[in-house]
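These protein sequences, in sequence, are chains U and R. First residue of the first sequence? That's 0 in numbering that gives the first Met the number 0, and the numbers climb one at a time after it. First residue of the second sequence? That's 0 in numbering that gives the first Met the number 0, and the numbers climb one at a time after it.
Take the hints with a grain of salt, since some may be wrong.
Claimed, not checked - Below, in silico cross-link-like pairs of lysine to aspartate or glutamate (EDC-like), each with a Cα-Cα straight-line distance of 20 angstroms or less:
# : chain 1 : residue 1 : chain 2 : residue 2
1 : R       : K110      : U       : D211
2 : R       : K109      : U       : E214
3 : U       : K216      : R       : E97
4 : R       : K109      : U       : D263
5 : U       : K216      : R       : E111
6 : U       : K216      : R       : E79
7 : R       : K109      : U       : D213
Claimed, not checked - Computed footprint of chain U on chain R; a stretch qualifies when at least three of its residues, placed anywhere within it, have a C-beta under 8 angstroms from a C-beta of chain U:
# : stretch
8 : 76-84
9 : 88-97
To be clear, the hints were calculated from the coordinates, so they are not data collected in a lab. The beta-carbon is built from N, C-alpha and C at its ideal position, and this holds for glycine as well.
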Amino acid sequence: MSAASISSDKIVSMPSSPPVAQVQAANEAGPAVAPARPSEPRTPLSEILLAVFKAVFPPVAGIALLIAVWALLAAKGGSIPGPLAVWDAAKVLFADPFYNNGPNDMGIGWNVLSSLQRVGIGFGFAALVGIPLGFIIGRFAFMNAMFDPVISLLRPVSPLAWLPIGLLVFKQADPAATWTIFICSIWPMIINTAVGVQRVPQDYMNVARVLDLDEWKIVTKILFPSVLPYMLTGIRLSIGTAWLVIVAAEMLTGGVGIGFWVWDEWNNLKVEHIIIAIFIIGIVGLLLEQALLLLARRFSYGNS
Amino acid sequence: MSKKTIVKVEDAGMSFDTKKGKFIALRNIDLNIAEGEFVSLIGHSGCGKSTLLNLIAGLTLPTAGSLICDGREIAGPGPERAVVFQNHSLLPWLTCFENVLLAVERVFGKKEGKGKLKARAEAALEMVHMSHALQKYPHEISGGMKQRVGIARAFAMEPKILLMDEPFGALDALTRASLQDELNGVMEKTGATVVMVTHDVDEAVLLSDRIVMMTNGPAATIGEILPVNLARPRDRLALAHDRDFVDCRAALLEFLYQKQVKKAA
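Working from the sequences, and respecting the hints, build out all of it.
What follows is the structure, encoded as structure tokens:
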């Protein structure tokens, strides 16, 4: 147990640089493919191939390097299984992802889904509380001054420190894990929403004043659309953190979930499965991030 | 002029509290604006002309004197005093049509049905020749077009007075000229009352019935008021050689560059 909490702390403090690298890769891919559009039909085939090569080669080379380093370490180190051993184990594992042999032996699919469910519920409650609170804090200077010290005090606390409180209140492991997700998700949402509200351009507020709009119209027609990009950033940060925290929380609480599964496979000494879990956690996190980036792009209103 | 006074500014002053003490921006402003009149405020930058406009708009409240619009003290902004902002201030998440409709709904929403409101918004956009861009978003159209939509939004509210804060200041000279002509046309159709802040001498003479020349700040006030007695409709080509036009222009230049020389900042 104690070893788990130490490792979980490291997980929580991990910076968000890997997703940023992914974003950059995605951005580079965009313009590189652009010449292939029908608007420029005369692009020679060699240029298209070059563009595809430029877009595809670097990420592929990066992944290949990762696997090569891993294979090298496995060949030297002994106890770490190499890529081939893990690949074989993965084939067996993914052949039947949704089997159910009781609560302590369920397919990998169930484990991932129940982790996602906890993240979804905890995050959902955090959004329900955090976004309105962010609006209030951003809109009223008094509320800002009032909540600022509270948020500053509580935000740096590892969400896992709240786990015992959750266990005490809910008397069950499952809602306690969801509770830690709630705690870690709420801060980015409150802060980003509040900042967004404070940064609504004065021009727009002057329009609202000249039109003498009522508070409801101000919120729906001016504040909400103006704050939305900030809010989506908050949501993205929240989901990212939540996905980091859930693994650690589940290691502590047990039950069904990807974090518990990692710990369980460690107890079973199935190191291949732990490596598979690392890949799964990474891929799911990446997909969540990309989906939210896509959503954010939909709601950015040009540069006007 | 026997027409009724829309806005009455009486001994208005505006000062701000700063770290170095009180900063007086405006003092002793007396100005009456009659119905249907086009008044320009001109002066060097920092002379408080925008501040005076904001006082009339109600966006800021005076620290001395009083401002009265249509018999009532101005205590805050309101749709009967529509503002065309320098940087258009269209909401980027609404189309041109929706931007205008938002204003129309606020003013006429309680009295009129949906169809009538839409017709009003469309008519206002047609007046500034923007019917082709009803469903475009602000970032999809040029700066001049945005300003047209901003003007349409203000006119659609059928305000008692239209306040324009350097409405064409951010546009290139050619676009500015075509928008000035358009504004002249709209003025003739609607007979609107307008107060416009400008630093463009030609623009002031071309559009105004009276030009209010402001002295340099701090503690700026009205220096002179120049009546422009040019017949309407006004044609910029014909006016270029018109005696009265040239005289008005000269009077303004004399005030700005002889009597109120701005020391290089």
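For a C-alpha distance cap of 20 angstroms, please report whether U:K216 and R:E111 respect it. Status holds; Cα separation ~18 angstroms.
Under the criterion that the straight-line Cα-Cα distance not exceed 20 angstroms, is the pair U:K216, R:E79 satisfied? Holds. U:K216 to R:E79 sits at ~18 angstroms (cutoff 20 angstroms).
Holds or violated: R:K109 and U:D213, Cα atoms, limit 20 angstroms. Between R:K109 and U:D213 the Cα gap is close to 13 angstroms, so the pair holds against 20 angstroms.
Coverage assertion for the stretch 88-97 of chain R with respect to chain U, Cβ distance below 8 angstroms, three residues required: holds (count 6)
R:K110 and U:D211 were given as a pair; does the straight-line alpha-carbon distance stay at or below 20 angstroms? Holds. R:K110 to U:D211 sits at ~17 angstroms (cutoff 20 angstroms).
Hint check: R:K109 vs U:E214, CA-CA at most 20 angstroms. Holds or violated? holds (17 angstroms)
According to a criterion of three or more residues whose C-beta lies within less than 8 angstroms of a C-beta of chain U, is the stretch 76-84 of chain R covered? holds (count 7)
Given the hint that U:K216 pairs with R:E97, does the C-alpha gap stay at or below 20 angstroms? Between U:K216 and R:E97 the Cα gap is close to 13 angstroms, so the pair holds against 20 angstroms.
Holds or violated: are the alpha carbons of R:K109 and U:D263 at most 20 angstroms from each other? violated (65 angstroms)
Of the hints listed earlier, the one the structure fails to meet is number 4.
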